[in-house]
Each structure stands twice: as structure tokens, then as C-alpha cells.
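Q: Could you build the full structure based on these sequences and the hints that come with them?
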Amino acid sequence: MTIATNKMRTILPRYPSQDKIILGLASGKDKEIINIPNAVSIAGYASTIAWLMGAHPAFAVAGIVADEIDGPIARKTNQTTDFGSLLDWGIDLTLTGAVALKVGLAPWLLLITPVQIWMRQNEKAPTFGSARAALTVYGLVK
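In the numbering used here, the protein residues as written are 10 to 151.
Don't read these hints as lab results, they were simulated from the structure.
There may be inaccurate statements among the hints.
Ranges of calculated distance between the beta carbons of each label pair, as one might list FRET restraints [unchecked claim]: (1) K85 to I42: 12 to 20 Å; (2) I45 to P116: 32 to 40 Å; (3) V150 to K85: 25 to 33 Å.
As a list, the in silico SDA-like pairs of lysine to any residue whose alpha-carbon atoms are at most 20 Å apart [said to hold, decoys possible]: (4) K133 to W98; (5) K133 to L61; (6) K133 to M62; (7) K111 to M62; (8) K111 to I100; (9) K111 to I82; (10) K111 to L149; (11) K133 to P66; (12) K133 to T122.
Just so it is clear, the structure is predicted and the values come from calculations on it, not from any experiment.
A virtual CB, placed ideally from N, CA and C, is assigned to each residue, including glycine.
A: Next comes the structure, spelled out in C-alpha cells:
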């Protein structure tokens, strides 16, 4: 069953089980979507949201740390999944926008967001850090 639209395939290419992930019917390698790396991703998301809502800056730092360690944990424990990759990217994309709004750099999203999408489409990843981490650090020291 194919439910993904052509527009979705343009943004999220090269993931054969994408239709199953969108439908929530992941199987095989993606059967276990609740794992340690995904829990770390979600904890980092919640931590950053708490900071965006006014919590202590340590929550922002915890969000950055979680974003940096979730992928290495997944690779070292052999728990990489297409779902986890999509989850991490979705969190990065949404929080980049939210953090840019908080720190007053929303116009930069016109550049940052297409670059993030291009990097995802071309399977490129920064060696360290992310746009979200850079914007968060800027917000903390500003």
C-alpha cells in the first residue's frame, strides 16, 4: 500500500520502508521503534521544549547533548532504524524553527531549512553539531 505522496517522496527520499513508517506499520528492522536512541531523541526534544517555554538554560544544553549522542548510541548498539532517522531529522527540523523564533533569527530559516532538506535528500550529515545546536548556543550566550 502506498500512501506517501510525491511531495513527501521529494522531501524524504531513499527510504524503502517509508510508506510503512508513515502508516505506523514498520516491520523487520524497524519493528522496535521504542528503543534507547529514540528515547534519547524524545528526551532531548522535551528538554529543548522546556527551555523554549522558560525553563533553566541547562535544559537547552541537555537537548543539544541528547541530539549529539542519539545517533552514536544507535550505531554502537545496532539499533539504527529508518524510523529513528526520520524522528531525529523531524525533531531537528522543527526545533531549528522554534529556536530561531526564540532567538530572533526567524528570517534565517529561509536559508537554513532548504539546506537541511538538501542535506537529508543527499544523505549528508554534519560531523558535529547542527543548525539547531548553533542557534541554541547563540540564544544562550546572546
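Q: Confirm or reject each hint.
A: Outcome of the hint check:
no.: 1; hint: K85 to I42: 12 to 20 Å; in the structure: holds, 19 Å
no.: 2; hint: I45 to P116: 32 to 40 Å; in the structure: holds, 37 Å
no.: 3; hint: V150 to K85: 25 to 33 Å; in the structure: holds, 31 Å
no.: 4; hint: K133 to W98; in the structure: holds, 12 Å
no.: 5; hint: K133 to L61; in the structure: violated, 28 Å
no.: 6; hint: K133 to M62; in the structure: violated, 31 Å
no.: 7; hint: K111 to M62; in the structure: holds, 10 Å
no.: 8; hint: K111 to I100; in the structure: holds, 16 Å
no.: 9; hint: K111 to I82; in the structure: violated, 29 Å
no.: 10; hint: K111 to L149; in the structure: holds, 11 Å
no.: 11; hint: K133 to P66; in the structure: violated, 30 Å
no.: 12; hint: K133 to T122; in the structure: holds, 14 Å
The earlier numbered hints that this structure contradicts are 5, 6, 9, 11.
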